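Here is how the chains run, residue by residue.
There are 2 protein chains.
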Amino acid sequence: MIDTNALQKYSLFGGVLPEQIERIKPLFSYARYDAGDMPMREGDPNDKIFFIVGGRVSVSKQGITIAELGEGETFGEMELIDVMPSIATITALEPLEVVTISNRALYEISKVDIKTFSLLVMNLARDLSRRLRRMDELACRE
Amino acid sequence: MIDTNALQKYSLFGGVLPEQIERIKPLFSYARYDAGDMPMREGDPNDKIFFIVGGRVSVSKQGITIAELGEGETFGEMELIDVMPSIATITALEPLEVVTISNRALYEISKVDIKTFSLLVMNLARDLSRRLRRMDELACRE
Numbered sequence: 132m133i134d135t136n137a138l139q140k141y142s143l144f145g146g147v148l149p150e151q152i153e154r155i156k157p158l159f160s161y162a163r164y165d166a167g168d169m170p171m172r173e174g175d176p177n178d179k180i181f182f183i184v185g186g187r188v189s190v191s192k193q194g195i196t197i198a199e200l201g202e203g204e205t206f207g208e209m210e211l212i213d214v215m216p217s218i219a220t221i222t223a224l225e226p227l228e229v230v231t232i233s234n235r236a237l238y239e240i241s242k243v244d245i246k247t248f249s250l251l252v253m254n255l256a257r258d259l260s261r262r263l264r265r266m267d268e269l270a271c272r273e
Numbered sequence: 132m133i134d135t136n137a138l139q140k141y142s143l144f145g146g147v148l149p150e151q152i153e154r155i156k157p158l159f160s161y162a163r164y165d166a167g168d169m170p171m172r173e174g175d176p177n178d179k180i181f182f183i184v185g186g187r188v189s190v191s192k193q194g195i196t197i198a199e200l201g202e203g204e205t206f207g208e209m210e211l212i213d214v215m216p217s218i219a220t221i222t223a224l225e226p227l228e229v230v231t232i233s234n235r236a237l238y239e240i241s242k243v244d245i246k247t248f249s250l251l252v253m254n255l256a257r258d259l260s261r262r263l264r265r266m267d268e269l270a271c272r273e
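Protein sequences appear in the order of chains F and S. Each residue of the first sequence is one higher than the one before, starting from 132 at the first, in this note's numbering. Each residue of the second sequence is one higher than the one before, starting from 132 at the first, in this note's numbering.
Calculated directly from the structure, the hints in this document are not laboratory data. In this text the structure is predicted, and so the values were computed from the model without any measurement. Watch out, some of these pointers could steer you wrong.
A pair holds if it fits inside one copy or across any two, identical chains being indistinguishable in the list.
Below, simulated SDA-like cross-link-like pairs (lysine to any residue); rule was C-alpha separation at most 25 Å, straight line [to be verified]:
| no. | residue 1 | residue 2 |
| --- | --- | --- |
| 1 | K192 | F159 |
| 2 | K140 | M215 |
| 3 | K156 | R265 |
| 4 | K140 | E173 |
| 5 | K156 | L269 |
| 6 | K242 | R262 |
| 7 | K246 | M266 |
| 8 | K246 | D134 |
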């Protein structure tokens, strides 16, 4: 159900070998949502990262759509890392398929395969850093 | 010269035991700057995180001061992680003492002590996530 090759294209798995993904894959989950479902709601708890493997979602804050995401993209990484309330609402725009890694699963990965764990967290930190640079550029343009 | 107990108060060392810090401390560097020196310049390469252990600095972008930092605070974490040009200029406001960890040192830490490495990177990711939330709040307040 969860395709190792498909996961390799996500930035979170940059530098992670297929055999490393295979080893930790049993800790991942797979879920489907209908159009209109909200896998994440602004202000609500969320403890996992979502990899969109099929379908599209909208990202909204205070009712205003600020972005759309599709296959190959992720959401929930900040909440996975800092276990704070969700920063935005995610709404499925069409039938949605996701692979998720929970905070608990990430902890298990750290116990069974610390090398892969540290690679994942490094990739996550890089993504967050890239996002900070983008926000910073936007803020300075105003 | 580099005090383990002093380092423990930095968020990057959250959850890291004194004996873990002792083990990797030989990979850290110590530096002094005079008032007016610029340990980091916007747009220039920087490959290390700086821990301010004495003195104060200003953070400026395009010549405008946007913040001041002092003892217990850090700068350079984004550049350490993503090896992109420096996002701001740091100017010493008075004699400045810093402890630094370079990208190369971080790589060495990953080889000699992967557990401590993964803890450091996790703490770094949490810091970046917190910063993103702050920027997000500021952006929405406008």
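Open item on the list: For a quick check of understanding: which of the numbered hints are violated here, in increasing order?
Closed with: Violated hints: 1, 3, 4, 5, 6 and 7; rest satisfied.
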